[in-house]
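Undergrad: Chain by chain, the residues:
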Amino acid sequence: MPDLDELIHQPVRLRIMSALTALDSRKQVDFSFLKEKLELTDGNLGAHLRSLEEAGYLTIEKTFVERRPKTFVAASGAGRKAFAAHVAALQAILKSS
Amino acid sequence: MNINPSDAARALAEIERTRAAMRQAVRSHCGHYHLWIWGAAWIAMPLYAQLAGDDHARQLGLVCLPAAGLSAFVGRAQSRQIRLPFDTRLLGAIAALVCFAGIFPFVLDARPALRPLYAYTCLIVMQAYIVAGLWTDSYLLWIGIIVSALILVGLFLFPAVFWIWMAVFGGGSLVATGFYVRYFWR
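Listed in order, the protein sequences are those of chains B and Y.
Under my numbering, the first residue of the first sequence carries the number 1, and numbering increases by one thereafter.
Under my numbering, the first residue of the second sequence carries the number 1, and numbering increases by one thereafter.
Since the hints were derived computationally from the structure, they do not count as laboratory data.
This structure is a prediction, so every number in the text was calculated from the model and none was measured.
Careful: at least some of the hints might be erroneous.
[What the hints assert, rightly or not] On the chain Y side, residues computed to face chain B include the following (Cβ under 7 angstroms): (1) I15; (2) R19; (3) R76; (4) Q78; (5) Q81; (6) L84.
[Unchecked claim] Anything over 10 angstroms on all C-beta distances counts as not near chain Y; from chain B, calculated: (7) S18; (8) A55; (9) G56; (10) P69; (11) L94.
We put the CB at the ideal spot given by N, CA and C, even for glycine.
All chains should be built: construct the whole structure from the sequences, respecting the hints.
TA: This is how it looks when you write it as structure tokens:
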């Protein structure tokens with residue numbers, strides 16, 4: 001049975017990874033958009049994004065759009081793989097019951 | 001790490017809920033306004049030619065250029081929150097295609113009639129869609145292929161109803177794709 005990923009399983013991070021992996025692999029999402037859709041605060045989302053970035057599960061790109069700082073986030077290849085493995089582990093637990 | 005089956009079921013339901021909500025949110029940022037504006041122009045231009053006659057169709061650029069500018073601006077504004085990393089090579093490839101397409105008629109010393117010229121211009125635009133689709137969203141690729149085929153069918157098989165054909169299958173396809181992107185695109 002595949003192992004659960006403790007980092008991803010935390011409820012907020014699970015929602016972040018679910019949202020980001022729903023996008024096309026090349027697409028990046030604006031930090032504010034993600035915050036609004038997941039109904040999180042700046043600090044809460046930022047802290048969880050940092051943990052996921054440190055694990056190599058997502059990429060964060062800071063840039064300027066029309067002279068305003070913008071942060072774009074995307075799930076990395078490793079993050080997509082880890083998330084898929086985590087979902088498979090959850091499904092295996094459900095099946096084995 | 002061990003969890004019980006009911007926790008696993010809850011987590012899976014949460015994943016599905018979040019992914020569905022995200023997909024729905026993303027659909028409103030994929031550029032359907034661009035397709036609706038541009039599609040409306042593609043309906044209006046041939047209808048004007050049909051009603052006013054081919055002689056007046058040379059004024060179509062008066063509708064085409066502002067509509068192209070407006071739809072590009074709206075499309076860009078709409079995709080601000082969900083983006084693909086911008087690749088300047090895409091812009092270069094499209095500029096090269098458009099420049100060469102503009103040069104070809106002079107090289108061939110061709111003076112096409114208005115309808116083939118209109119079809120040719122629309123095919124250049126669709127060529128740009130195909131290139132953009134290869135680089136970015138695949139729906140652009142499919143629009144490019146399908147509308148190009150429809151343009152050729154209208155030009156060669158239904159010349160008597162060419163303008164109506166272009167309004168329905170050229171502009172109509174763009175508007176319909178806008179609805180598809182808005183409500184069903186994943």
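Undergrad: Does each hint fit the structure? Answer for all of them.
TA: To see whether the hints hold, each was checked on the structure:
Interface hint at I15/Y: satisfied, since its Cβ lies 4 angstroms from the closest Cβ of chain B, which is below the 7 angstroms cut-off. Because the smallest distance between the Cβ of R19/Y and any Cβ of chain B comes to about 4 angstroms, under 7 angstroms, the interface hint for this residue holds. At its closest, the beta carbon of R76/Y sits 11 angstroms from a beta carbon of chain B; the interface hint therefore is violated under the 7 angstroms criterion. Checking Q78/Y against chain B: minimum C-beta separation of about 12 angstroms lies over 7 angstroms; hint violated.
Contact between Q81/Y and chain B, as hinted, is supported at the beta carbon level, the nearest pair being about 4 angstroms apart and thus within 7 angstroms. A distance limit of 7 angstroms between C-beta atoms decides the matter here; for L84/Y the minimum to chain B is near 5 angstroms, and the interface restraint holds. Consistency note on S18/B: stated as away from chain Y, yet its beta-carbon is not over 10 angstroms from all of that chain's, at 4 angstroms minimum. Once the 10 angstroms rule is applied to beta carbons, A55/B is consistent with being away from chain Y; the minimum gap is 15 angstroms.
Annotated as non-interface, G56/B keeps its C-beta farther than 10 angstroms from every C-beta of chain Y; the closest such distance is 18 angstroms. Non-interface status of P69/B relative to chain Y is upheld: no Cβ of that chain comes within 10 angstroms, the nearest being about 14 angstroms off. The claim that L94/B is not at the interface with chain Y is violated, since a C-beta of that chain comes within 10 angstroms of its own (minimum 5 angstroms).
Hints 3, 4, 7 and 11, counting from the list given before, are not met by this structure.
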